[in-house]
Structures are given as structure tokens and as C-alpha cells.
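Enquirer: Residue strings, one per chain:
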Amino acid sequence: MITRKRLATGVCTLLAALAAGMAVPAGAVADETTAQDAPKVDLVLDVSGSMRARDIDGGSRMAAAKQAFNEVLDATPEEVQLGIRTLGANYPGNDQKTGCKDTAQLYPVGPLDRTEAKTAVATLQPTGWTPIGPALLKAADDLDGGNGSRRIVLISDGEDTCAPLDPCEVAREIAAKGIGLTIDTLGLVPNAKLSKQLSCIAEATGGTYTSVQHKEQLSDKVNQLVDRTADKVVTPVAVDGTGQCTSAPTLKSGLYTDREEFGQHRFYRVDVAPGQELRASVSVSDDRQVNPDYGVTLRAITVHGREIVRGEATGSGRTDVMSTGLRYPKAKSDEEDAPAETVCLQVANSFSPAAGVKTTPGFPLELTVDVVDGPDQAGDVASFGLGRGWWLLGALVLTGFLAGVLWGWISRWRFAVWRTN
Amino acid sequence: MRIGKMLTAAALLLGASVTPAVADSSPSASPSGDSAAPTSAGTSFRTATEIEQGQQATASASTGDYLYWSFPADAGQRPTVKATVKLPSTSRSGAQSWQLDVYDGLRRRQACQYGTQTRTAAQGASSVDLACTLRTVRAWSEPWADDPLPGTYYVRLTAVGLGAADLGLPVNTELRVDSKEIGGSAAVDGSLAQPLVPGIATTSQEETSSESDAAVLSSLKPDDGWTSGWWSDRWVWTAIGGILAALAGIGGYALTRGSGRPSRVPQGY
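Residue numbers (our numbering), protein chains in the order written: chain C, 1 to 421; chain A, 1 to 269.
One should not assume that every hint holds.
Stated by the list, open to error - List of simulated lysine-lysine pairs, BS3-like, C-alpha gap at most 30 angstroms:
hint, chain 1, residue 1, chain 2, residue 2
1, C, K118, C, K215
2, C, K193, C, K66
3, A, K221, A, K180
4, C, K232, C, K177
5, C, K252, C, K196
6, A, K86, C, K196
7, A, K82, C, K232
8, C, K101, C, K196
9, A, K86, C, K232
10, C, K252, C, K330
11, C, K66, C, K215
12, C, K252, A, K221
13, C, K196, C, K66
14, A, K86, C, K215
15, C, K66, C, K97
16, C, K330, A, K86
17, C, K215, C, K177
18, A, K221, C, K193
19, C, K232, C, K193
20, C, K177, C, K138
21, C, K193, C, K215
22, C, K332, C, K358
23, C, K118, C, K138
24, C, K252, C, K138
25, A, K221, C, K332
26, C, K101, C, K138
27, A, K86, C, K193
Rather than coming from a laboratory, the hints here were simulated on the basis of the structure. All figures in this text were calculated on a predicted structure; none of them were measured in a lab.
Start from the sequences and build out the full structure, keeping to the hints where you can.
Expert: Below is the structure:
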């Protein structure tokens, strides 16, 4: 069954690709050459027994989800590769071990055949357990490959029933493995516990959590998320900072990502030629429960360890990210071929883990480096040293008047001297 | 008598030339109608939705989301960010605190001079209003200062205090950035070679290789481009000062000479 479906999808893909190749004008093809692959979305739908409950606008949760999926499939942008995965769709029994492995790919991630996807969704019947963690792991595998943005949209109506695997930690590990993968979660008529779990999953990957009470809300939100995936964003480049400046990787202008654990230092090196300005900013996301007060420091230091400039940020309370930045204009040199200076960037954080929180993998860290032409020294506080205001006018008038009087007296005196001679 | 006339004339001249500068300081409320206002918000610095000053951006989101927008601000402007959060009518379990943060192009948090950045909505409140007026954007500052500089600014709007039961509820948000032109009093010497726009080093390289369609961190520009930074009304003040000084000099000179020719000049001279 599944192989046949795959074959059919493959053929459809091929046809779609051919059609696209013929129909799409040259301008759009140029898009593809910019080295960014198609964005991918995997919709993960909970088909556990509890989806039978009839509490969304008078219909069952399953019916609401099916209707929303139909609308989303119709509205999916052309360039997005969309897949559907179910959890708890096949095993109706009571054995937790089997029930917690019950996740299946309903529609593979790839160019979308709307009819086929809709038919697949229509067959779903609320059945089994709620293995959120394993489903997320599998969904991450579905999205594997490519450098486009990737998104998992998890729709669930009950918390994970497959302890001890904490889906929140699973989400964090998934995010740590790949770049640019976000998990957005939607809770159908959730209770406080489900809200907490789903928002924890979302925050672990920089995603969003929405609690759904009505049908339109569900399709609107999923549509919004799918559209968001299609937005063009810069994908950061993975880099591995080190604990010392001497062994640190050398970075050029660009956007980078790395991981930093609690209390760890990360070093990077940037070459700045005389007459250039280094701009660096760093964001450390707290993707887990941390104690209320925290901070992030970014220091630019010379290879000899002298601090040039630093950026600091401290904060308190609920946040997604702490960020700071710095600017280092290197003065122009009189020499012709003055060598570029190696500047070490040190990133430090002062987050502390809340009780019982795992400390690995480290926090996601985003580093922006820009080396631009600069610097422009200011010679005065005011623009070109010009003046402004009534005091300036008063002073100038007074000086002018005094100078005039003085000049007048001098010329009178000269006249008198000339006349007497 | 003559000096009095001269001073009146000078004052009139001065008044005429300074008036345009005063008119400058009215808020620049002209909405740029060239593009539709955005109806969504980003979820991180990287994905922040770009808005222009004077545009009314809206976004529907969920309580607990971190919403990001970015806007350009140029030297001499003093931006004010105003946000309204419309809370759902369904009953909430308790009070909610919302917060508005503004970051500059280096992602440094910028202080607000005026405005309520954080406000707590009571359980029954239907909306929260937040505002933040930044310091005046300067053309240049020392690297060790965190003065606002021309470039991209990020706005983050989020709920900072809420109960777990209130997570994920739908909210509607509105955001608008307007700025006041401060003019010459904020004109400092020096200027940045490039505005503080993230990714500008890579963008300017790509422009030469004509790959304009690639994703960029920030593509924002003010309506009329970034100012070159050499003009300010200080030129007018200084020039008027020079003219007045010259007039005062002539006046002072005339005072010592009396009116016209000396009265006791003998015939024949």
C-alpha cells in the first residue's frame, strides 16, 4: 500500500517538476540558484483515541483537524514541500511499549499532490496512544537534508503518554542536531498541563505555541505557520567556537550559529584591516528553564588578551533570547601595507539552570559578524564644529561690535595723528 | 537709531531662517503608502517583520509568542514605538504583564526615555497599551557608548508574566513607529561609513554580483535613503552669526565715527 503510494507520489513529483520546469519563467528559476533549498514542513497530527471528543464547535476534534488540513493543503504555497505524519493512528491496544512506537508517515515530505494528500487525511480514525517524543524524532528524520528552513507543526490534544522520554528534551536535541529547524505546537482544547508541555516543546526550538478552541483558529494558524516557512530567511552557518582564542575559528562577515553551555566561553577570531570596522552581535537563546536573572557578554580582545570593547546585556524573567553587540573601528594606518589585526571575540553567558534541568546540549547561539568600511573619527562634539543657538549669536554680535568699535577708534586715532603731522 | 534698525532687520532675517528648522520638529506622520502594512510578525531577530515608520503593523498571535518587527531610523530622529495588545475576551486565570523592548542594529537593548515599556493587564482588561521613546539617533558615537545610531531597530513584544493556563490564547497586536525630527541640536560630528544594518557587509558584496533575490538579514532603508550626515541647521545658525557679527562690526565702527564726515574738516579736503 505504502510502496504504491510512494510510487504514485514519485510519478506525481516528476510530473510536477516537469510542469514547473516548463511553466516557470526564467526569473523564478534564478531563485533556486541562490543555494537555498525548498522550505519543508512536516505536519504531525495526533490521532489518539481522545481525538473523538466532540468539543470543537460541536464537532469532534478529529473532524476539525481534517477540515483544517483540507484548507491548509489547498492554501499551501507552491514552493513549500509538505509532509504529514501521524501519531497513535494504528495501534488500538493497551501495551504501552507498542503504543509508544505508533507513529507513521501518512504523506512523505515532498512536492505536494493535494488530492492524494487529502485522500490520505480522510482515512484517519482516532485510535491509540500519544507518543509525542518518538513522533518528533521521526518527523525530524522526515525533514532531513537540504539547507532550506524546516518546520514541524505538532497538533495534539493530550500530553505525551510515553514517559520517561520527555518530549521537551527530545525537541531540544532535535534542534541541536540540525540548523533552522523549528517546532510549532498547537493544543486542541488543552488543559494547563498540556499547555505547559507543548509550550515547552515550542520554546526549546524557538517556535510558537497556540491553544485552539475553534475550527477556523486551527486552519488559520496552521496556514500562517506554513506561510511563514516559505518566507525567505538567512540560514546561519554552523561554526564550532573554542575555549581559547589561539585555536578559535576565523570568521568572515556572515551569520553563524553555535552552541554554548552554562558558564562556557566561546572564542572566535575575526581579521580587521586598518580602516575597517568590526560589528558583531550575539544572541543566546534560553531554550530551557533557567533561574530568573541572567546575562550575556561579548568581548573583543586582542590576541594578547587586552580588552578593546565589550557588549553586555542582563535581564530578568521570561525571555527567549539575550543579545548584545559591539563595534570596533580600527583606525587607518599611515603605512601602505599594514597587516590586518586579529580580534578575538569572546562570548560568555551567566545563565544558571533551574532545578532538574539538563545542561547539555548547550544553548543555541547566533553570531552576526560584519566587517565594513569605516571608521570615521569625529573631531568635535558638534557637526563640523559648527555652533547653534542664541548664545552663539550673542557672542558673535558682541565680538563683532567690539571689533568694529576698536577699529573705529584706531582709524580715528590714525586720522588724528596723520592730521597733526 | 541706525543700529536699532539694523538689529531689528537682523532679528527678522534670523527669525525667517530659523522658522523652517522649528517646523521640522513636528512629528513625521506621513504614512508611506507605497506598500501595504504588514499583518504578521516575526518570531526572532532573524525573521523580524520589516516595517516602515508611520505604518500601522498588525499581527495576530498567541499569548506567549515573542513577536519581532524591525524598522529603520536615521540620524536626528527620535523614534517612538507604540504597541497595543488586544487581549482575548475569554476569561483569563489572572493578570498578564506585557513588555515592549527595542534593540538596535547590533542587537543591543536600547533604553526608553519615556513611555511605559511594561504594563500589567488586570484579569478583565481588554487591551494593554505600551510605548517606548528612544533617545535621539546620533550620526556617530564612540564604540564604547551604546548611543542609538542610524540603522535597523528591532522591536520585541511579548508577555513576560502569565500563568500556564493562559499560554497560547489568541491575541491581536498593533504596532506603530513614528519619529520626531530633532534637528540641529542633535547634530554631532562624524558619521558611520555604513549604517548599523545587520548583514550589510555581505549585502553590499552581493549587489555587485547582481544576486538581489537572496535572503538578507535586513533590507530596510528610510524613505529617502540614509542621510549623508553633513547637513544640519547648524550651518544656518553659524552663517547668520557671521553676518550679524559683521553688521555689528560695521555698527560699532560707525558709532566711533559719528554721522558722516567730520564736522571740522577744512575746505579743500
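Enquirer: Each hint needs a verdict: does it hold in this structure or not?
Expert: Evaluation of the provided hints:
no. : hint                : verdict
1   : K118(C) <-> K215(C) : holds (17 angstroms)
2   : K193(C) <-> K66(C)  : holds (25 angstroms)
3   : K221(A) <-> K180(A) : holds (17 angstroms)
4   : K232(C) <-> K177(C) : holds (22 angstroms)
5   : K252(C) <-> K196(C) : violated (40 angstroms)
6   : K86(A) <-> K196(C)  : holds (23 angstroms)
7   : K82(A) <-> K232(C)  : holds (27 angstroms)
8   : K101(C) <-> K196(C) : holds (23 angstroms)
9   : K86(A) <-> K232(C)  : holds (29 angstroms)
10  : K252(C) <-> K330(C) : holds (16 angstroms)
11  : K66(C) <-> K215(C)  : holds (10 angstroms)
12  : K252(C) <-> K221(A) : holds (24 angstroms)
13  : K196(C) <-> K66(C)  : holds (25 angstroms)
14  : K86(A) <-> K215(C)  : holds (21 angstroms)
15  : K66(C) <-> K97(C)   : holds (28 angstroms)
16  : K330(C) <-> K86(A)  : violated (47 angstroms)
17  : K215(C) <-> K177(C) : violated (34 angstroms)
18  : K221(A) <-> K193(C) : violated (45 angstroms)
19  : K232(C) <-> K193(C) : violated (35 angstroms)
20  : K177(C) <-> K138(C) : holds (13 angstroms)
21  : K193(C) <-> K215(C) : holds (22 angstroms)
22  : K332(C) <-> K358(C) : violated (48 angstroms)
23  : K118(C) <-> K138(C) : holds (21 angstroms)
24  : K252(C) <-> K138(C) : violated (35 angstroms)
25  : K221(A) <-> K332(C) : holds (28 angstroms)
26  : K101(C) <-> K138(C) : holds (10 angstroms)
27  : K86(A) <-> K193(C)  : holds (25 angstroms)
Of the numbered hints given earlier, the model fails hints 5, 16, 17, 18, 19, 22 and 24; all others are met.
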